[in-house]
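Working from the sequences, and respecting the hints, build out all of it.
Here are the chains, one letter per residue:
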Amino acid sequence: MTLQDILLQQLANGLILGSFYALVALGYTMVYGIIKLLNFAHGDLYMIGAFLGFLVLSVLSPLIGDSWVGIMCSMVLSMIAVGLLGVLIQRIAYQPMLSAPRLSILITALAVSMILSNGVLAFTDGEYLAFSTDLGYEGLEFGNVFITYTQMVLVGAAALLMSALYLFVHRTMYGKAMRAIAIDKDACRLMGIHVNRIIALTFFIGTSLAASAGIMAGAYYGSIHFFMGFVIGLKAFTAAVIGGIGSIPGAMLGGLLLGLLESFGTQIPFIGTEWKDVFSFGILILLLVFKPTGILGRTEIERM
Amino acid sequence: MRKTLMLSAVSGVITSLFLFGQVMAADLKIGIMVPTTGSEATSGKDMENAIKLAAMEINESGGVLGMKIDTMTGDDACDPQQGTAAATKLVSADVAAVVGGYCSGATLPTLKIYGDANVPFVIAAANSTKLIDANMGNAYQINSTGFDQTATAVALFEKQGAEKIAVIHQGDGYSEDLAKLTRDKWTEMGKEVVAYEVVNKGEQDHSALVTRIKSKAPDAVFWTAYYADGALLIKQLRQAGYRNLIAVGDGSNSPKLLEIAGKAAEGVYCFSNPTVDYLPAAKDFHANYKKTFDQEPDAYAALAYDGMKLMADAIERAGSTDQDAIIKALGETTSFTGIAGPVSFTDKNTLARSNFVTLIAKDGKWTLSE
Chain W
1 MTLQDILLQQ LANGLILGSF YALVALGYTM VYGIIKLLNF AHGDLYMIGA
51 FLGFLVLSVL SPLIGDSWVG IMCSMVLSMI AVGLLGVLIQ RIAYQPMLSA
101 PRLSILITAL AVSMILSNGV LAFTDGEYLA FSTDLGYEGL EFGNVFITYT
151 QMVLVGAAAL LMSALYLFVH RTMYGKAMRA IAIDKDACRL MGIHVNRIIA
201 LTFFIGTSLA ASAGIMAGAY YGSIHFFMGF VIGLKAFTAA VIGGIGSIPG
251 AMLGGLLLGL LESFGTQIPF IGTEWKDVFS FGILILLLVF KPTGILGRTE
301 IERM
Chain D
1 MRKTLMLSAV SGVITSLFLF GQVMAADLKI GIMVPTTGSE ATSGKDMENA
51 IKLAAMEINE SGGVLGMKID TMTGDDACDP QQGTAAATKL VSADVAAVVG
101 GYCSGATLPT LKIYGDANVP FVIAAANSTK LIDANMGNAY QINSTGFDQT
151 ATAVALFEKQ GAEKIAVIHQ GDGYSEDLAK LTRDKWTEMG KEVVAYEVVN
201 KGEQDHSALV TRIKSKAPDA VFWTAYYADG ALLIKQLRQA GYRNLIAVGD
251 GSNSPKLLEI AGKAAEGVYC FSNPTVDYLP AAKDFHANYK KTFDQEPDAY
301 AALAYDGMKL MADAIERAGS TDQDAIIKAL GETTSFTGIA GPVSFTDKNT
351 LARSNFVTLI AKDGKWTLSE
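For the protein sequence lines, the chains are W and D, in the order given.
The working numbering puts the first residue of the first sequence at 1, with every later residue one more than the last.
The working numbering puts the first residue of the second sequence at 1, with every later residue one more than the last.
Hints listed in this document are in silico derivations from the structure and should not be mistaken for laboratory results.
Even glycine gets a Cβ: it sits at the ideal position worked out from N, Cα and C.
Hints should not be assumed to be uniformly reliable.
Stated by the list, open to error - Here are some chain W residues the structure puts well away from chain D; computed CB gaps all over 10 Å:
1) K36
2) F40
3) M97
4) F123
5) L160
6) T172
7) G175
8) K176
9) A182
10) A187
11) G222
12) V231
13) V289
Said to hold, decoys possible - Some chain D residues close to chain W (C-beta under 10 Å, calculated; not the full set):
14) E203
15) S215
16) A217
17) L232
18) G267
Dropping the structure here:
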């Protein structure tokens, strides 16, 4: 492989990884945008999504197989279920805390995260489950750069979900209401917007996007585990901050950027894989020093 | 008259309860230290089962020195901090001895705790060479160490005609140790290690690393860490079109690796300590384990079972539960034959005879490689 091939392959790797980060980062940023909460349970909802998808797929696969049709069906079902779970969590855990000091709701989010991951730990005995699917290794070769069909479909699905979200937020009344609530909740209430209903809707969409990423990751990597949401939760949070937390295009951009940074970080001579996280988080620190609001963040955002 | 009878009957019952209580207190308390939660919980619980099975069998045939074995589990969660907590818990519960130890990283800091308390410790599975230096004389390793595994690994690579190899570990005590030994031995032989890499624990996407490795075109890739992440790496290596030899260390010796990696794992080599499936002497153990726990014994069950039996044998030979006597008896072991083979120790408290075998994945199963 020539250097050019390697860099092109790493570009592809980074984009694939980045689209997972972006999908999860979107939920983070949407929730933050609307109620200024860093929802630390978001990574765990990604994990729950993967487990529910696994469950649904194992029920459905005798009927429709465990190839793309089966995965898509279980993805839709599990997105709805996890979305509802997100709304439930918001109603039970976050709604009563909205007027409390900001730190209290942050701690509540941490508690929800622990409850979810330890709940799954108790159910699965901490075991890795093999998410077996029918996806093969066939793909297209561009010179020395190899991309499987699975990878293409995953990136395509992520792009589709993200553009649907963008259109929803910018072209519908609900999206308009979301954006309005992010600016001034009380004024919205006076204008007759059902603020609580829109907040619930935001949670539904945000968590179901995380669930979709969870199932795609489960099917693509082939194993799921109660702790799988932790690392990606951190990375997605980082991506959201890079892009400017609260900004939807920012989360997409931040996710892709982080994925690319990690891939290329691996390739830097004398640095190697063990330093790739140092590399990408180092860039994050630099960015926060020189542009604290992130790439697309607005300056009036108040940070915790 | 009646009242006196009643009274004496009641006091009799009370006295016997008291006596019974004392008999219970004189039980032989043995600690089990394994990860029963966390990423390595499957293997840890399996070891716990095997140790308990050994204790049950010993109790059924009259116990040790007339005492019944009572086990107590400390969960190290495969984590150094949790391991320290588990060891402290066992020591403060006054266990007579400890059997267990799966993750070397978690076992390492406990050696000082058991050493300070002078508790006899049979390390059943953990086999990093770092444990040898940290051993305060009270611990005995019944699994072959990294030195033995390195020799087996290098022999395989050489036999398969490899010149350039890539070694990947996870930065924990066990896998880094094995990786380092292999790298040093391979370069010593005048051959090339083209990549020496680390993967973060819990990371799912290894595509960047896979591209880097593929670009160096090694003849063999050696993964020295555990099965869960190893399965993902194998899958992604094969997915990216890497076709040469892949070998994994004994931490990856689990049917779960084959289940997660699926068809990508076909032809992968694995170095393993003697597991139940390849030991003719393990037939009874296998059947008993299956009957008692309603599941198949995993990789380290045989060694864990041997560990408990060896400890009981040593206490029997020591003639008391005096810690120094037990430690001395362990060191003098010559005639003990477990299901994994005969046990005797070097002057460094490691197993005198290597017990590694080479396995290959065939049709979704580990089989003995020729």
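Structure-based check of all given hints:
no.: 1; hint: K36; result: holds (29 Å)
no.: 2; hint: F40; result: holds (17 Å)
no.: 3; hint: M97; result: holds (30 Å)
no.: 4; hint: F123; result: holds (13 Å)
no.: 5; hint: L160; result: holds (21 Å)
no.: 6; hint: T172; result: holds (34 Å)
no.: 7; hint: G175; result: holds (31 Å)
no.: 8; hint: K176; result: holds (36 Å)
no.: 9; hint: A182; result: holds (32 Å)
no.: 10; hint: A187; result: holds (43 Å)
no.: 11; hint: G222; result: violated (5 Å)
no.: 12; hint: V231; result: violated (5 Å)
no.: 13; hint: V289; result: holds (25 Å)
no.: 14; hint: E203; result: holds (6 Å)
no.: 15; hint: S215; result: holds (4 Å)
no.: 16; hint: A217; result: holds (8 Å)
no.: 17; hint: L232; result: holds (6 Å)
no.: 18; hint: G267; result: violated (15 Å)
Comparing the model with each numbered hint stated earlier shows that hints 11, 12 and 18 do not hold.
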